[in-house]
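All chains, full assembly: derive it from the sequences and hints.
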Amino acid sequence: MALHMIKHLWSLILAVLALLSLDGHAQQAPEPSVASANGLEALAVLIKRRQYPQAYVLADRLAEDFEGDAKFDFQYGLAALETAHYDQALFAFERLVLTAGGQPRYRLELARTHFFLRNLERAQIEFERVLRQRPPLAVRQNVEDFLKKIVQLQRSVDPKFYASFDLTAGFDSNINSATDEEFLPKEELIFPVDIRLNDDSRETESGYVGSLFNLGYVRPINNASSYDIRLLAASRSNAEIDTYDLTTVMFEAGYSTYSRYSGPIKWRGAGRYQQVQLSGEAFLNTRAGIVQAFYELNSGLSLALGVHYGLNSYEQNDDSDISQTQVSFSVSSPAQKHTWVVALQAGEDEAQDSSNDFNGRSYQGLTLQSSHLWGQRRSYYFLLGIVATEYEAINQALYSELREDTTLNAAMGWRHAFDSHLSMHHDVSWNSADSTLQANSYQRFKVELGVTYSF
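Residues in the sequence shown are numbered consecutively from 1, following our numbering.
It should be emphasised that the hints constitute simulated quantities derived from the structure, not laboratory data.
Cβ atoms here follow ideal geometry from the backbone N, Cα and C, with glycine treated the same way.
Incorrect hints may have been included.
Restraint ranges, calculated between C-beta atoms of paired labels, are given here [to be verified]:
{"no.": "1", "residue 1": "N222", "residue 2": "L408", "range": "29 to 37 Å"}
{"no.": "2", "residue 1": "W374", "residue 2": "F283", "range": "33 to 41 Å"}
{"no.": "3", "residue 1": "G300", "residue 2": "Y255", "range": "33 to 41 Å"}
{"no.": "4", "residue 1": "D69", "residue 2": "K160", "range": "32 to 40 Å"}
{"no.": "5", "residue 1": "G207", "residue 2": "N298", "range": "22 to 30 Å"}
{"no.": "6", "residue 1": "G68", "residue 2": "L368", "range": "35 to 43 Å"}
{"no.": "7", "residue 1": "A410", "residue 2": "D87", "range": "19 to 27 Å"}
Written as structure tokens, this is what we have:
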């Protein structure tokens, strides 16, 4: 017992001496090289004795001089991880994996860091990479235990509050999704001559700024069910003209459960209310009900089926109200460095008043998306989609032809995470609508840069 106390006391003395030696104002401080050696020696002793709180304090003082040294980075990362300073641990282990990715221990600790940060997909990717490096049996068993916990966490629901705030600025080549043609041809009109469009009816380009606030809460009811609520508020202000400035507020409440009759299928039902303002005035209210089903195959593929029914009410014209029915189905790959999603959708909009039948429509669409991790803190994506739409009737007050549209859209972007809270993103998108009516054919290009803070 006495010997143990002496060893414990000696390690503390080494740590204190190392901290004092790093103080530039100490009158009897040793030379920098001696001070550094003392600090590293004390850090090694503290790590060996699992005295992680003291080790983290000391390592944090030494970081400025020794960041990038593999031995120090590992000790610093381990001390940070064991004291719940996960962001610091993430930086340290990312450096190690970048320079020595073939070392299973470094990647294992990086995976553990992602796990404790609840970056479950990233943790799963890193743990699976550790397994591919054929580690010793004890390490393999440890990794497999973590992978089982990840599956349990992905299926279980803990009380969770999340929120994010996003600020963006960008350029939009066509804020009103309008044609760039000066005339509408008489061939598709009920008039005997071409109709000239005024500037407000043609495409308008503009810079813009936007904001998005997203708030959510999930709480379990029991081991098989939970409820969730979500609040979203977004705004966009255009520099060129305020006619198309948008403000959107959405509230959604849902209930999720696993049924004993459907086994591993997760069901969710939700109600949604959304209000849209155009140029500061009430424009559109939407009330909708949603039913969803989620299922994960043994291969890791995830299947999702959704049914959406809603009513769009236009504040300025009650005769324009539309009921919407939409069915969607998607297949997504397992969480890996490269992931993909294939989504199908089909829907029908039905006018509530027969005078508005020309706004009724049916449509089908396909979306392909691919996401890629680029290092430990960056990711990028590509998206390609097509939607074919056919309207129910001709707008006989203006046109002589039925409207049919084919819309192509493409997007790409990247995101860089500075830490678990702050990130930035850059997105570029292109839309092309080819319609049987000239007024509804257009091209649209948008580029955007934004910063997101999550908490």
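### Task
Given the range 29 to 37 Å, decide if the beta-carbon distance of N222 to L408 lies inside it.
Given about 46 Å between the Cβ atoms, the range is violated.
### Query
Taking 22 to 30 Å as the hint, is the beta-carbon distance of G207 and N298 inside that range?
49 Å, violated
### Message
A range of 35 to 43 Å was offered for this pair. Does it hold for the Cβ distance of G68 and L368?
### Response
41 Å, holds
### Query
Between D69 and K160, does the beta-carbon spacing fit 32 to 40 Å?
For K160 against D69, whose Cβ atoms are near 38 Å apart, the range 32 to 40 Å holds.
### Query
Has the hinted range 19 to 27 Å been met by the Cβ atoms of A410 and D87?
35 Å, violated
### Message
Does the beta carbon distance between G300 and Y255 stay inside 33 to 41 Å, or does it fall outside?
### Response
27 Å, violated
### Query
Is the distance from the Cβ of W374 to the Cβ of F283 consistent with 33 to 41 Å?
40 Å, holds
Figure legend: structure checked against the earlier numbered hints; hints not met, in rising order: 1, 3, 5 and 7.
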